[in-house]
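Asker: Sequence:
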Amino acid sequence: MSLQDRPDAANSNLLLAALPHQTYERLISKMTLVQMPLGKVLCHAGDVLHHAYFLNNGMVSLISTTQSGSSIEVGMVGREGVVGLSIILGMGETPYEMNVQVEVESAWRISAEAFKEEFKRGGKFQEVLLNYMHVLLKQLSQSAVCNRFHTTEERFGRWLLIARDRVSSSTLHLTQEIIGQMLGIPRTGVTMTAGNFQREGLIRYSRGKITILDPDRLEARACECYEITKESFDNYLNSTSDNFHTP
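Each residue of the sequence shown is one higher than the one before, counting from 877 in the working numbering.
Lysine-lysine pairs mimicking DSBU-like chemistry, simulated, CA-CA at most 30 Å apart:
{"#": "1", "residue 1": "Lys992", "residue 2": "Lys1014"}
{"#": "2", "residue 1": "Lys906", "residue 2": "Lys996"}
{"#": "3", "residue 1": "Lys1106", "residue 2": "Lys1085"}
{"#": "4", "residue 1": "Lys916", "residue 2": "Lys992"}
{"#": "5", "residue 1": "Lys996", "residue 2": "Lys1014"}
{"#": "6", "residue 1": "Lys906", "residue 2": "Lys992"}
{"#": "7", "residue 1": "Lys1014", "residue 2": "Lys1085"}
{"#": "8", "residue 1": "Lys916", "residue 2": "Lys906"}
{"#": "9", "residue 1": "Lys1014", "residue 2": "Lys1106"}
{"#": "10", "residue 1": "Lys1106", "residue 2": "Lys992"}
{"#": "11", "residue 1": "Lys1106", "residue 2": "Lys916"}
{"#": "12", "residue 1": "Lys1014", "residue 2": "Lys916"}
{"#": "13", "residue 1": "Lys1000", "residue 2": "Lys906"}
{"#": "14", "residue 1": "Lys916", "residue 2": "Lys1085"}
{"#": "15", "residue 1": "Lys1106", "residue 2": "Lys1000"}
{"#": "16", "residue 1": "Lys1000", "residue 2": "Lys1014"}
Derived CB-CB ranges, DEER-like:
{"#": "17", "residue 1": "Thr1067", "residue 2": "Thr941", "range": "19 to 29 Å"}
{"#": "18", "residue 1": "Pro1062", "residue 2": "Gly998", "range": "42 to 52 Å"}
{"#": "19", "residue 1": "Leu1006", "residue 2": "Thr1067", "range": "40 to 50 Å"}
{"#": "20", "residue 1": "Arg1093", "residue 2": "Ser1044", "range": "12 to 22 Å"}
Since the hints were derived computationally from the structure, they do not count as laboratory data.
This structure is a prediction, so every number in the text was calculated from the model and none was measured.
Ideal Cβ positions, reconstructed from N, Cα and C, are used throughout, including at glycine.
Build the full structure now, drawing on both the sequences and the hints.
Answerer: Pasting the structure below:
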């Protein structure tokens, strides 16, 4: 059983849960529990980040935008990781916009100063963050390949499956407009693809809610980018599971 599937890991940040108890307690003492509503913009590209966020649920999208205003999602962050890695990389500005795409009912917020201080201490926290950074970079690079070479149907299937993994739920509260923005395609393209998937029994869509009914068949319709991304994240989660504790 992977760390993400363990019942005692439900509704907690998996990166923090992988830390030794003493490290976890020290970090939590420097954090504040916050909520982030759907649609909240945590920062725009070029902004200086003042906080990092460890999600306990929900999902944040990392979005790149052109000068003309066109945008596309390049990555997702759920409870497996952290939003705000540019802080520990010493970057003065964040390279992308960060939007809450699935409501975050609970997240741990830490100041940029405390985040950098804890990272510089080294130890397990630094190790886990570096491992997470590696898989996130792999997701970003795979997204570039996917957005360039794969069909709308393949990308839509991949996106739904990764979103499901990030929020640990087969039901996603998302509109077709939001999905279109994330994939960089017209809403009509999302409507057509969602309709086809629904008729084939892969998903059920109604009033801004998508439920994945047949994940195996949906995975067969998605491009190979899903399996590549999933394998990378599974390896990361399994590598942290030895130190898992209940927060």
